Amino acid sequence: MADSLEVKERESVVVRFSGDSGDGMQLAGNIFSTVSATVGNSISTFPDYPADIRAPQGSLTGVSGFQVHIGAGQVYTPGDLCDVLVAMNAAALKTQLKYAKPNAAIIIDTDSFGPKDLEKAAFQTEDYLGELGVDPDRVIACPLTTMVKDCLKDSGMDVKSIMKCRNMFALGLVCWLFDRDLEIAFNYLKEKFAKKAGVAEANIKVIQAGYDYGHNTHSSVANVYRIETKNKVPGRYMDITGNKATAYGFIAAAEKAGLKLYLGSYPITPATDVLHELSKHKSLGVTTVQCEDEIAGCASSVGASFAGALAVTSTSGPGVCLKSEAMNLAVIMELPLVVLDVQRGGPATGLPTKSEQTDLLQALFGRNGESPMPVMAAMSPTDCFDAAYEASKVALEHMTPVVLLTDAYVAYGSGAFKLPNLAEYPAINPPYVPEEMKGTWTPYMRAENGTRYWAVPGREGFEHILGGLEKDDKTGAISTAPENHDLMTRKRQAKIDAIPVPDLEVLGDKDDADLLIVGFGGTYGHLRAAMDEMRAAGKKVAMTHFRYINPLPKNTAEVMMKYPKVVVAEQNMGQLAGWLRMKVDGFVPAQYNEVKGQPFKVAELVEAFNKII
Amino acid sequence: MCTYTASDYKKGQPRWCPGCGDHFFLASLHKAMAEIGVAPKDVAVISGIGCSSRLPHYMATYGMNTIHGRAAAIATGCKVANSKLAVWQISGDGDGLAIGGNHFIHANRRNIDLNMILLNNRIYGLTKGQYSPTSPRGFVSKSSPYGTVEDPFRPAELCFGARGHFFARAVATDAPGTIAVLKKAYAHKGSAGCEILQNCVIFNNGTHDGVYDKAGREKNAIYVEHGKPLVFGENKEFGLIQVGFGLKVVELNKENEDGKTYTIDDVLVHDAHCEDNTLQLKLALMGNGDGFPVALGVIRDVEAPTYNDAVEAQIEEVKAKKPYHTFAELLETNDIWEVK
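Quick mapping for you: the protein sequence lines, in order, are chains A and B. Take the first sequence: its position 178, counted from the start at 1, is 178 in the numbering used here, and no numbers get skipped. In the numbering used here, each residue carries its 1-based index in the second sequence increased by 613.
Please note that the accuracy of each hint is not assured.
Unchecked claim - Subject to a maximum C-alpha distance of 30 Å in a straight line, what follows is the list of computed DSS-like cross-link-like pairs (lysine-lysine):
1. LYS601(A) - LYS539(A)
2. LYS195(A) - LYS654(B)
3. LYS510(A) - LYS474(A)
4. LYS624(B) - LYS438(A)
5. LYS282(A) - LYS654(B)
6. LYS438(A) - LYS932(B)
Unchecked claim - In silico negatives: residues of chain A with every beta carbon more than 10 Å from chain B:
7. HIS281
8. GLU463
9. ARG581
10. LYS611
In short, the hints are calculated from the structure, not lab data. This structure is a prediction, so every number in the text was calculated from the model and none was measured. Yeah, the Cβ is synthetic: ideal placement off N, Cα and C, and Gly gets one too.
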């Protein structure tokens with residue numbers, strides 16, 4: 001460790017914790033982000049898991065990372081490259097260095113760089129820093145394991161338990177680097193391990209040791225980074241991942257609508273956490289059924305919807321393939337249903353733990369027949385809450401299945417979530433069939449906005465049969481009459497087209513931009529950060545971002561055609577661009593497409609957009 | 614309490630072929646529902662796709678004629694979300710056991726309180742005559758002009774293999790037998806599989822000939838009843854006895870081939886409530902081709918906790934245990950910080 005590390009006043013800083021899958025990097029990262037958020041920094045986090053459950057210890061394939069971006073003002077992404085890299089072993093250093101800035105500070109545990117560790121990480125020599133071209137002056141090299149063992153030698157804990165505390169030493173060191181108040185971390189651990197006081201105490205001791213180590217050995221640099229807080233929005237906050245926020249959104253919508261929440265699901269990465277989360281909350285009456293397959297997940301939800309529940313089915317792209325048949329049943333029966341698709345890399349099994357936006361066209365078109373369905377996409381981990389709430393509201397009020405797209409990046413990432421007040425959320429009013437229609441009502445009679453009425457079983461006088469066969473518009477009986485099918489097809493389409501959707505908002509230089517950046521869903525943060533960076537460099541740039549993709553906002557054509565240049569940036573081969581070209585006459589945008597399974601890199605976006613502008 | 618008649622459950626004009634077994638079954642279902650007495654507003658009849666799956670359209674209840682094979686899954690969601698409903702699932706052999714086989718076994722395994730009707734005519738009728746998963750080996754059809762080269766499912770085996778707690782069988786033309794089975798299925802709490810033997814006059818005429826009329830049943834069928842000896846024949850002159858691991862047909866009060874004379878006291882007494890399904894399965898698998906009568910009636914009827922009850926009980930249990938019951942209270946269970 002050199003004395004040359006300086007105090008840096010920064011707008012934002014990115015820290016990446018990396019180690020073996022079992023090293024507790026996510027917990028360390030979570031505590032660090034919570035501590036930072038508590039003092040008023042904005043936060044954005046993203047975990048990077050290997051696809052294997054737990055690869056051999058110390059191996060290159062077993063490294064997992066957890067990246068935390070903290071900022072004085074708003075941060076929109078977990079950051080491209082990190083300013084501080086924590087590498088708990090040789091394999092972590094080797095695989096994670098590519099995520100570090102050239103001048104990043106690197107914290108390593110020298111105890112995990114022995115001959116065997118180096119061999120497992122495929123180093124050729126003992127000079128691992130030299131091999132990687134890392135300047136030793138950037139490295140805080142500490143015998144972390146030795147110090148943790150020493151720190152807990154009188155605790156009575158076994159070696160295995162002691163080793164589990166290594167992550168807290170790294171956390172303590174990082175907290176020192178950022179001059180963080182350890183009390184907040186301590187309180188977090190006391191609450192987390194409320195029933196295991198010994199564990200909390202040991203972790204707290206190790207954090208303090210890590211902090212002191214930094215302080216004592218580098219007293220000449222009081223702190224390396226200082227992140228002030230600006231633009232604070234007062235309120236109560238929690239850290240929330242996208243998947244958890246999605247689950248919360250469904251719970252909130254069911255409560256607001258006064259309905260039972262039913263989830264029919266089948267485990268699939270990266271959507272399973274939604275099933276996990278909802279399964280926990282039986283005290284709110286949430287019913288979850290882990291079905292025999294994806295098909296039953298969706299089909300049972302259709303049954304639950306018929307029976308009068310807010311029905312949700314959660315999955316990822318491969319699951320949507322299997323659900324599409326029952327989704328279509330909900331289209332023709334005009335029953336409310338939310339289909340959550342947490343997108344991952346495809347096709348087929350593809351990249352199960354990685355992120356893409358490649359299911360957009362599947363969501364829009366992946367079914368037989370004319371099958372219009374609202375499609376929404378959540379923009380950030382915290383936006384998943386509102387998106388799930390809105391998707392439920394649209395489904396229930398317009399009697400239609402709705403596809404809600406998130407993605408692995410948004411689902412696993414987290415942000416500071418201002419606790420919502422449900423009283424401030426719009427009411428959810430399903431179109432229950434009015435009692436006075438008894439005797440004259442038939443299943444496909446429609447309200448003014450084209451929506452079919454909902455007659456939930458149990459109501460006398462409204463007994464009816466729905467089904468997958470086309471029905472007569474007037475009587476609700478099976479009909480194959482040509483004119484009737486044409487009419488019903490148009491009515492189902494018109495109903496979806498009439499769903500009110502907020503107008504597109506244009507950010508940045510909305511009046512005189514030379515370039516409009518367009519995206520949808522989980523790329524919002526990166527595109528926003530790219531726009532901000534370009535504008536800071538003097539460019540005239542605007543952006544707009546789609547949350548509602550079907551139906552499109554009414555001002556879509558106007559916004560798309562207003563600017564001299566438009567780039568549609570998405571993590572697929574151009575699915576949104578294609579959809580917009582289909583819907584907006586004469587619209588020919590530039591495209592930025594990437595399918596690497598990783599979030600966009602702001603620097604790469606800026607470089608590409610600068611070429612277009 | 615209201616009383617209902619069969620016509621309270623009746624709607625529309627069935628479009629099945631004249632003579633189709635579905636007509637007979639539908640009439641029995643209407644009568645059974647009237648005798649059961651659940652109001653039409655509290656009944657949901659859910660089918661898949663196929664000739665028999667048209668049935669909900671002829672019910673004055675709530676219902677859905679859904680998509681091929683998924684009736685059991687859809688019925689599952691319906692019952693779990695709203696357990697007050699009496700849910701009837703109607704499937705044919707293709708719908709229930711081919712494309713829907715997975716849902717069939719899992720509904721049985723979970724023991725969801727569904728009345729699961731399997732109308733078995735051993736053929737695909739709606740697609741005009743292909744072999745089904747219950748067609749016998751060698752069966753000649755449009756898609757097997759040289760005969761099938763595969764063995765069929767025997768529905769009871771699937772039901773038992775999936776740990777089903779109820780299995781009954783009736784012949785569509787036998788109204789009293791069908792009505793009795795349907796009432797027992799409703800009374801059973803849990804998934805209640807009923808195999809209805811049914812003729813397809815167009816594509817598989819005569820498939821159940823041995824038992825399709827009353828005279829045939831007297832010779833070739835045995836009505837099993839819990840607690841009663843397993844006897845059959847026009848004058849109940851035959852009985853079933855257990856020999857080793859198997860069953861055997863004997864003529865009563867007469868010297869049999871083995872040189873022995875058997876009386877009613879030697880005959881097996883049916884135990885539908887026995888948890889061990891070994892003998893029940895033997896009864897269910899008896900066929901005329903093997904020299905046995907076809908078993909009709911309730912073959913297995915064992916009480917067990919239902920999935921939907923357990924789901925509700927668990928919710929109540931957790932509600933009593935956990936201190937948070939609203940969304941606002943749920944939020945408070947997280948690590949929260951305040952920005953001032």
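Quick rundown of the hints versus the structure:
1. LYS601(A) - LYS539(A): holds, 19 Å
2. LYS195(A) - LYS654(B): violated, 50 Å
3. LYS510(A) - LYS474(A): violated, 48 Å
4. LYS624(B) - LYS438(A): Given pair LYS624(B), LYS438(A) holds - Cα atoms ~17 Å apart, limit 30 Å.
5. LYS282(A) - LYS654(B): Judged against 30 Å, a Cα distance of about 28 Å means the pair holds.
6. LYS438(A) - LYS932(B): Roughly 37 Å separates the two Cα atoms, so the pair is violated.
7. HIS281: violated, 6 Å
8. GLU463: violated, 5 Å
9. ARG581: Holds, since 33 Å exceeds 10 Å.
10. LYS611: Holds: least Cβ distance 40 Å, greater than 10 Å.
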